[in-house]
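Listed here are the chains, written in short residue letters.
Number of protein chains: 4
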Amino acid sequence: MNEICDIEMEGHLIDSLILTKALDKIMDMGGEFQIKTFRIGEKKNDTSYVQITVMGRDSIHLDQILLELHALGARLIEIEDAKTQIAPGEMVVPKGFYSTTNHSTFVRYGGSWVEVENNHMDCLIVLEDGRAICTPLGHIKKGDRVVVGTTGVKVVPPERPRQKTFFGFMSNEVSSERPSGEIVKQLAGEIISTKKSGGKIAVVCGPAVVHTGAAPALAQLIRDSYVDVLLAGNAVAVHDIERQLFGTSLGMNCSGSATSGGHRNHLYAISEIMASGSIKNAIDQGKLKGGIIYECINRGVPFILAGSIRDDGPLPEVITDIVKAKDAMEKALRGVDMTLMMSTMLHSIAVGNLLPSRVKTICVDINPSTVTKLMDRGTAQAIGLVTDIGIFLPRLAEEIDRMKSQEVSASCV
Amino acid sequence: MNEICDIEMEGHLIDSLILTKALDKIMDMGGEFQIKTFRIGEKKNDTSYVQITVMGRDSIHLDQILLELHALGARLIEIEDAKTQIAPGEMVVPKGFYSTTNHSTFVRYGGSWVEVENNHMDCLIVLEDGRAICTPLGHIKKGDRVVVGTTGVKVVPPERPRQKTFFGFMSNEVSSERPSGEIVKQLAGEIISTKKSGGKIAVVCGPAVVHTGAAPALAQLIRDSYVDVLLAGNAVAVHDIERQLFGTSLGMNCSGSATSGGHRNHLYAISEIMASGSIKNAIDQGKLKGGIIYECINRGVPFILAGSIRDDGPLPEVITDIVKAKDAMEKALRGVDMTLMMSTMLHSIAVGNLLPSRVKTICVDINPSTVTKLMDRGTAQAIGLVTDIGIFLPRLAEEIDRMKSQEVSASCV
Amino acid sequence: MNEICDIEMEGHLIDSLILTKALDKIMDMGGEFQIKTFRIGEKKNDTSYVQITVMGRDSIHLDQILLELHALGARLIEIEDAKTQIAPGEMVVPKGFYSTTNHSTFVRYGGSWVEVENNHMDCLIVLEDGRAICTPLGHIKKGDRVVVGTTGVKVVPPERPRQKTFFGFMSNEVSSERPSGEIVKQLAGEIISTKKSGGKIAVVCGPAVVHTGAAPALAQLIRDSYVDVLLAGNAVAVHDIERQLFGTSLGMNCSGSATSGGHRNHLYAISEIMASGSIKNAIDQGKLKGGIIYECINRGVPFILAGSIRDDGPLPEVITDIVKAKDAMEKALRGVDMTLMMSTMLHSIAVGNLLPSRVKTICVDINPSTVTKLMDRGTAQAIGLVTDIGIFLPRLAEEIDRMKSQEVSASCV
Amino acid sequence: MNEICDIEMEGHLIDSLILTKALDKIMDMGGEFQIKTFRIGEKKNDTSYVQITVMGRDSIHLDQILLELHALGARLIEIEDAKTQIAPGEMVVPKGFYSTTNHSTFVRYGGSWVEVENNHMDCLIVLEDGRAICTPLGHIKKGDRVVVGTTGVKVVPPERPRQKTFFGFMSNEVSSERPSGEIVKQLAGEIISTKKSGGKIAVVCGPAVVHTGAAPALAQLIRDSYVDVLLAGNAVAVHDIERQLFGTSLGMNCSGSATSGGHRNHLYAISEIMASGSIKNAIDQGKLKGGIIYECINRGVPFILAGSIRDDGPLPEVITDIVKAKDAMEKALRGVDMTLMMSTMLHSIAVGNLLPSRVKTICVDINPSTVTKLMDRGTAQAIGLVTDIGIFLPRLAEEIDRMKSQEVSASCV
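Protein chains in written order, with this note's numbering: chain X, 1 to 413; chain B, 1 to 413; chain Z, 1 to 413; chain P, 1 to 413.
Derived from the structure by calculation, the hints contain no laboratory data.
Heads up, a few of these hints could be off.
[Claimed, not checked] In silico EDC-like links for lysine to aspartate or glutamate, alpha-carbon gap of 16 Å or less:
| # | chain 1 | residue 1 | chain 2 | residue 2 |
| --- | --- | --- | --- | --- |
| 1 | B | 36 | B | 6 |
| 2 | Z | 95 | Z | 63 |
| 3 | P | 36 | X | 46 |
| 4 | P | 142 | B | 272 |
| 5 | B | 36 | Z | 46 |
| 6 | P | 324 | B | 321 |
| 7 | X | 43 | P | 32 |
| 8 | B | 95 | P | 32 |
[Claimed, not checked] What follows is a list of derived Cβ distance ranges for each label pair:
| # | chain 1 | residue 1 | chain 2 | residue 2 | range |
| --- | --- | --- | --- | --- | --- |
| 9 | X | 2 | P | 331 | 50 to 56 Å |
| 10 | B | 380 | Z | 401 | 36 to 42 Å |
| 11 | Z | 43 | P | 189 | 55 to 61 Å |
| 12 | Z | 142 | X | 197 | 49 to 55 Å |
| 13 | X | 405 | P | 47 | 52 to 58 Å |
| 14 | B | 408 | P | 83 | 43 to 49 Å |
From a predicted model like this one, the values you see are computed outputs, not experimental measurements.
Cβ coordinates follow ideal geometry from the N, Cα and C atoms, glycine included.
Here chain X stands alone, though its shape is the one from the complex (with noise of 0.2 Å):
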């Protein structure tokens, strides 16, 4: 162990878990470590600071370690400007990139700290004017500064909250063994609480929503302003709007038997649409009369309809480039505070990518894979609920009526 260097971290450095992970990551990388100060936060609500010199075999060693220690709000003692290089070209990165996590992040630049802007996992920061700005590698342009190395960065991992919350820290286990019916009384009351203090909240959907007969809940939903922004795929749309036209999904009716005919449904769904022009000038013309895509349209609430291979015409609202389609939904995104996900593992992981961790997500499938996915792919503060959909999303806005009526009354008293 011949390299040597001083980090320190600062927060609820225990219950938070941040020591723990810092001193397991010198381990698992073969490191040495010796803790020079820790002040350990007495009470509940005090924090803690440490300083740690970290060993490595040699520079290139003691780097890798410390470019780990970095994503986990380890700091480097002395500061220092971030440091910076020129993209030598369109989306080609200059060597030791910076790249994000989906944690708040700041860049030290003219001797102060600058939040960077619309940060999400796995991107690089380019600084521009003053402005530090979370950049994905397919935005890259010639000339870009990009931020190389960790020095003068700063991530501030999300903490545990002091008391016990459905979204607890740690507490994301994939579990069917839980009291279902408890479960959507707790999510009800978030999502009643998260809009009362001014939140924006986020569906994401799959089609299984609308061939599992959740899709009236979810217009509910959406029709009393518990969804601020939506987004799905052509499926969704297409499915909603062929159950409006002519009550099936996929030909499948609301007893779920196939009806004579089967997908051409489907088609005539899109077909119809493209005769209008468009959904909202089919709602317009007063051909569509309601459904998750009419609340949105008729609610104002955007909603984002990206492609995929598996679609069928595409609807004209559809963004059938998907890197169009992926900016939209960064751009959709911003501002949110809670995700709630819905029988899609495409989708789930696709925002879950553009999601900063303080984002409040919940994924709700039957497959637990869903949820292990998303987790897998860095969306580790998700909350899986494997349950059935069905049966799920009607219990819950029927959930949130009960809640909200209670109020209404008990204010009147």
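Let chain X serve as the given structure and place chains B, Z and P on it in line with the hints.
Below, chains B, Z and P alone, put in the same frame as chain X:
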């Protein structure tokens, strides 16, 4: 192809897949066939009749094919009495013994056909005093007259109902993308109509019913006389009693939080029952005042608690010897018309093994592999529902209630 | 039952389930039937012929039934030319349009039968210059002559092979309890014999192929000319290139440990390719020296990389517009005889939608729901293997190698 | 917060998560804390020490918190002897009994610390003749001196190893996206080094090991002395014997095809053993010449076959009373250092319940829910591998072979 033999089949051969399966089997096994006579049922309710000459490479090959065809309902054209041999020892079978299917089966005996009693899969047929008794290998005694070969044995596979029903023929796919709310209604309707026509319903369940908060719904169904027999294990009973006595299951309270002392309440629950001597005594002493087992005892609904190597305790009512437990289950299941299996792979498959194929069987589990395995193990009549029992069962109980009260109010007019 | 109509069907009606499905469908839909003529194929290779009078409540009901029977291969006895209508607009369909199945289809046109070109499911048939062209809704132009109704359209569903094969008829269950080692051998045999008879094999794969360490095995299969077309997404290519350039995939090294800098290598890999301008250039410059995509380019094997909203970058070869990607996939899949789908739900279902039912399709995934959904979405010919691609694919490549060298040594004698 | 109490903890408090869990627990339960003393281990191998003042609303609340902290390794600062009470009846526990964890536990008794014998989870501690014996509820006798409360009881949770290992701390996620080939090598290395250091290995397996064709690989591992005890059920033994006697398992032959007579071979296998009187006799008589159980008997490897309600037969060696079976399993598992669980949920969880947390545990199953449930039920040290046992186990046996012969040839030089 040197060996030939003529067989005949009768019934709804085409739409019930019987003829298809027979010809497939001959081809899969490398045999040949020639259809000698075929009278197709011209209208929906007419049966068909076919005579087929089956050809095999040699007599062993032909016998192998005939054995398989027999289980599909084929029989030799010449009618003879069944052949028997004497079992040479306890649990020792004569060569060539006849192994039962789960379809209705008749044995020709003294010139007339006798129905096999308590028939279920993978057993032997013992002839005794003019009766043909389905006997598990474990109950074969030295000297038993055991049916060998297929001569004089007739199998009657279930036929496709003449119209679409919930328990449809061939519809036993496992899918999680069905309109769950609608399925609840259809199942509620089936349960009510089964009971109205004097049918007997068995419920098989695992501990997740209690963990997910569905126990009160099951208790209600028992109280309202929709359950005629309950099959479960020690864990269901202990969790149910723990919830009644301490408000927890495995130390987890109703809102899904672990409470202090964790698993201790589980052990306390057993200890309390032991102190009383039995669950029944605990009820008589006023200790246990509700729950699944309480309702069973209170309403005189028979329940079998079969032991497993995961059990704590176990409770006094648990049958710890698995041979005795299986026998008790078999007896309790006699005459059952419908079985509702919920959240248990072990008990579902064990019960499936004991059921005739005519019993309407529905298997509800959040894990699709439970249903897949149940059908793989021969319970081909099972309908699988991949859903969350914690929301599904309360909805089912609600729906049954609603339908019942509608009926009552309708009949009042 | 006031409306009646006579239909006829021909082929291996019994063992290929065709007649069973037809009668089931009539009964499920509440119709009646009377079989007028039935000539059963007496021997294994003889076909059967049936004429059925179908009855419906009214002409709409009867039409609904006939539409379903048509997809099963039934046709009206009177033969007329197909009827067409003009598409009124871009992506707008005429009322009553004919929606394709994935079975071989013929259109009667000027008195003779013309086979539908590039036929796959859920499309329309456009007649043009004596040709009948399968056309997705997205490609319908104003003025296209679109086939409507089922008159003059003949569907030929696949028939059961006359002996047992790996890609057996009706054997498409999803089970994880098969002798995996044996299945590897059978599949290896199928791949070798498909290539020997001049067949074309497509491989569809997801990033788990790289993560689980199976990439070298796939690269070998491409190098040894067992793959004729590769369909995948950006992630597969990036992970493959990342592994070649840096020895990691998503920052995880070959032994499954996360290395320093994590996801950064993923972005570096893209950046390196961008700096070269394309994957091909990177190969020409000697930067990329092996792997899945390298072997494709080196051997001239066409590959389609379709974009998705989860993509980083994406790489220059990725088709980011999903409509264009789907078109490219459809063209690449023409003439394919066998498709091996591995560890991707999105691409497997998308490819399944584009395949005729005659293409032997095997779907390998550790998650049984991928296979279930693929079949639910109409790719009923798929065989599902629930296994671990990371061990399965290397074993498959080994086995193919072994079989080939045995053949060689056998032919040397 | 009216009640306070001082506790202390010692060890690798930070990196083994012990302190984090303790503070989390206090906060989750609504308590407060103040850290009085904290001495952090400065270097990797130094332990830390902490004294914490815990505050609860009242004495009951404080006791609940202390009970949970105790299971994490906390102890009161004042040291007293453990308190006991007399069990009032058979399987009846005294109020406030101490319920064991699966961590090493010591009881203070006559002024000195005594280690609890055969400690495993959810049992009681009985003091007798200077010994502290872990006793399941089912074995509590009237008059037993049972430990109550946590006074004088010390729990030592496992600590994080000081470097990265296969059985790493905190790495117990369930993922199917790992490089399976590499994992086989690492596990092979662990098995070899466990045996080399004189360790004892238990194998727990379900019938899928036989169905998927992995039985010869397991038989080889037993023959080569890598297995010290085998735990399974009746089905494994019957399938194994059926395969030896008839080449089938449940009537399915090695190539995965059902053969004639199906399940009959299963019953024949049992009958053959019954005719011999026992499996051992059948071996002595030369009837049974290979397979899993044959190797066990031949090499003197103890095996426990525990009965379940799904059993046919059962075989004479099967313990049909589940209480006796569990006792036999517990005895057989004493002193085990590593457990390999394969393709069985019932037996894996049952065995997990009986294992101390220090036993390296690996659970291999294609169904991720088996691993999830195992960990949910308290076997938190288990590593999950989601893979196909039919290919995995043969690869593992090959790899062990290869490593062994390399060693041999290396040592020859």
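Violations among the numbered hints, reported as their numbers in ascending order: Failing hints, ascending: 8 and 14.
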